[in-house]
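Peer 1: Sequence:
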Amino acid sequence: MTVTPDRPSPTAAAAPPRPTVIDRFVTANRTYAVTFQDGGMDARPVQKIAVVACMDARLDLFAALGLELGDAHVIRNAGGVVTDDTIRSLTISQRALGTRSIALIHHTGCGLLGLTEDFRRELELEVGQRPQWAVEAFVDLDGDVRQSMQRVRTSPFLLHTDDVRGFVFDVHTGLLREID
Numbered sequence: 006m007t008v009t010p011d012r013p014s015p016t017a018a019a020a021p022p023r024p025t026v027i028d029r030f031v032t033a034n035r036t037y038a039v040t041f042q043d044g045g046m047d048a049r050p051v052q053k054i055a056v057v058a059c060m061d062a063r064l065d066l067f068a069a070l071g072l073e074l075g076d077a078h079v080i081r082n083a084g085g086v087v088t089d090d091t092i093r094s095l096t097i098s099q100r101a102l103g104t105r106s107i108a109l110i111h112h113t114g115c116g117l118l119g120l121t122e123d124f125r126r127e128l129e130l131e132v133g134q135r136p137q138w139a140v141e142a143f144v145d146l147d148g149d150v151r152q153s154m155q156r157v158r159t160s161p162f163l164l165h166t167d168d169v170r171g172f173v174f175d176v177h178t179g180l181l182r183e184i185d
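Quick note on numbering: the sequence shown equals residues 6 to 185 in my numbering.
The set of hints was computed from the structure by calculation and includes no laboratory data.
The beta carbon of each residue, even a glycine, is placed where N, CA and C say it ideally should be.
Any given hint might turn out to be false.
[Unchecked claim] Label-pair restraints from in silico Cβ distances: (1) F124 - L74: 42 to 52 Å; (2) Q134 - E183: 39 to 49 Å; (3) T96 - R63: 21 to 31 Å.
Given only the sequences and the hints, what does the whole structure look like? Please build it.
Peer 2: What follows is the structure, encoded as structure tokens:
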């Protein structure tokens, strides 16, 4: 019988599987739940604000913005760009849950900077199906923040577009720079 490296011999003792990251999450959650106390919070954010930001793991938005649990809706995606799904979430946030202000936060060193729509074409070649979504990559960080603000301000679905502000978060200094 030939044994391949990815298939151990049936007579070999199987080593217990190593815990995955998600296994560690489940363990951490059990520890968290022991002292968890329901604060009786409502789904409506206390500060009546929605924050749209990049999914980049270097952005600790709660710490960077001085937010507490229950203060804001935080909507994250690749690049922090305003897509149809972002508008969907913002519309629900405003119309059903009472938010009135929107902060848009992009950041330096973003993975979408310089990425192109070639990503979609390569994906299509690999899997045989073209994604329905756009990559929304950009080369001008400030320009993309402006474009995101414009998409929010012109959406017919949003009730409150008078307090929409855009920022670039510097991943090296932790500072926000406002975009006009």
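Peer 1: None of the hints should be skipped; say for each whether it holds.
Peer 2: Structure-based check of all given hints:
Separated by about 35 Å at the C-beta atoms, F124 and L74 break the suggested range of 42 to 52 Å. A hinted range of 39 to 49 Å holds for the C-beta pair Q134 and E183, which are about 40 Å apart. Checking the proposed 21 to 31 Å range against T96 and R63 shows it holds: the Cβ atoms sit about 28 Å from each other.
In terms of the numbered hints stated before, the structure departs from hint 1 and from no other.
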